[in-house]
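*Asks:* Spelled out from the first residue to the last, the chains are:
Number of protein chains: 2
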Amino acid sequence: MTLILSNDDVSKLLTMPECIECLEDAYRELGAGRGVSRTRSDSITPTTREDGLYSLKSMDGVIPKLGVSAVRINSDIITWPKIGNTMRRVKSPAAPGGRYVGLVLLFSTATGEPLAIMPDGVMQRIRVGATNGLGVKYMARADASSIGILGSGWQAGTQLSAACHVRKITRIRCFSPSKTNREKFCLEMTAELGIEVTPVDSAEAAIAQADVVMCATNTVDAVFFEPWLEPGMHLTSIKRPEVDEKAVAACDRVAIHTQDSKPILTATRDLDIPEYGEERGWGLAAGLDFNTLPTLPQLIAGEISGRASPEEKTCFLNNLGLGYQFAAAGAVVYRRAKELGFGHDLPTDWFTEDVHP
Amino acid sequence: MTLILSNDDVSKLLTMPECIECLEDAYRELGAGRGVSRTRSDSITPTTREDGLYSLKSMDGVIPKLGVSAVRINSDIITWPKIGNTMRRVKSPAAPGGRYVGLVLLFSTATGEPLAIMPDGVMQRIRVGATNGLGVKYMARADASSIGILGSGWQAGTQLSAACHVRKITRIRCFSPSKTNREKFCLEMTAELGIEVTPVDSAEAAIAQADVVMCATNTVDAVFFEPWLEPGMHLTSIKRPEVDEKAVAACDRVAIHTQDSKPILTATRDLDIPEYGEERGWGLAAGLDFNTLPTLPQLIAGEISGRASPEEKTCFLNNLGLGYQFAAAGAVVYRRAKELGFGHDLPTDWFTEDVHP
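So the protein sequences, as listed, match chains C and X. Mapping of the first sequence onto my numbering: residues 1 to 357, in sequence order. Mapping of the second sequence onto my numbering: residues 1001 to 1357, in sequence order.
Treat the hints as calculated values from the structure; they're not laboratory data. Here the structure is a predicted model, which means the values were calculated and not measured. A virtual CB, placed ideally from N, CA and C, is assigned to each residue, including glycine. You can take every hint at face value.
Quick partial rundown of chain X residues pointing at chain C, CB under 10 Å, derived from the structure:
#, residue
1, ILE1004
2, ARG1034
3, ILE1044
4, ASP1060
5, SER1075
6, GLY1112
7, PHE1351
Build the full structure now, drawing on both the sequences and the hints.
*Replies:* Right under this line is the structure:
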């Protein structure tokens, strides 16, 4: 049978500690050349609405040790509204019922068969959090106890829970432009983490004397700047443009998620795509070369050290997501779903064939 | 609802003339920069059996005019046995019930929603046939009436039916190494096409005085050679290695399917992959540059001419399949399936989400 799982299933089946553990092992495989990660590709075209574009995004990964491969697909209507002073990239939930379209298809490397199909949303947050959590584990000071977080949206929560899993955190301050949003977020996260999460009314107040600074926004303009760096600080970001490149260049050590430096973009002729314009040259002026920066798999393999002294300023950039992460997390979800009887069973014959393809 | 369709459904919903017509229009869109084709990527790793490898293949395409995008995925166990004198690439039907795994996912470019999921096998054959049929349409002599075909396997039939749709064909001869296979194939195709298809016992006998020579094998060694070329002949191939590169170079005009010259290969470290070794340097020694050869979309757009005189020797190489073709054919299948009530309806909510991905 092929399992159809929901986000609700995934949220019950994949915990943050398990996701951190499975990713850590999967990166070790990847670093040793025993796994395969296929760089994300984005296909961009017009859609029916004038103020948006259609985006088909896909990324693949294979982990023979876990016996799985995954394809993650996003089929999105994207808009770029200006909110406050910053332009944001906003996915429009345009599918029936006001919904988004992101899927993970999990296959067996032993038989080729489709094991499971599930939405990517919950897994996406957990794996982004887990990845930056691994950055904290390998680069932040061992005694780091305070976090300043910029952003209170859909990625911020898992950033905090991952960091709290790898360090003994006792103080968290949060800033985001909307007072209502950040206060709501702080209440929720205080309850979830059992650690006081305090809303503050400026970025500077959030990051002052923080051992770990986490940027977790969907901005395409910078929200963290060089003068805010302090000795011993670990800075982490879920997307390049949110940290000013001068701040990154001023750190003593910088590591990135993967040297797949950018998605492979294919678009219809003469299309104006705001985000790509922003990202394309990012880091160049500051001398940051995404083809040579050390990566998370290298940190995990011990090929490079994440920190040499308590005073060093370190930075981890989660520069690009990988289908490989969905293979790792998907393997955990699938195994637990089978054990616990989650999901809809569909005949595997619906997704296989007797005709040679 | 999201439609789950079978190969049986596809074979009833997609005819060769319709597939040729939809592809011709789709290539016109692509040539004009109004469509997007994302180059195929292959991720190759070990599998559980020693004599095979696991291959995850994906390719994407978007056609705004038709309102659809497609991702085609193949999750295969591949072996390379030596059969007779030639090495063949053989997919092993390793999924439960002895089945293959190839899927086409069709999405809406207006809403992003998943419209349909279907196996790729029947569509795969029809679109390969239709593509080479378009090559015949734009490059073979207008009065071409005879075909010599090499191969009697799963791709050969649609090659013939496509060619017979675009030219008035009255004589077909077929050679393949197995007498039993070629005789069975000729009986079947004679019945299907209403044209006598004659089995012959050598490649030379099949192609002598043929106006159109079609190679439709799964060999990784050449089956057609330069001395066999005749004035006015149109030569067509479904994969590069089956035609000796000297034969291609000796043609007056050569066109290819797409300038995406090869799939993007990612493999685990130190993996020995027979086929890629064979294909990598193909054509170089004969001065064939896949980055500059004219393409089918250019032929269709009229940017280049497929033939200047009845005496010219022409060649069309279907060098690489595109997800784009599955978007075009998938759009036809989906529209007709909705009209005629084919397939299993599943709740679209199973494949969409209220969580931001």
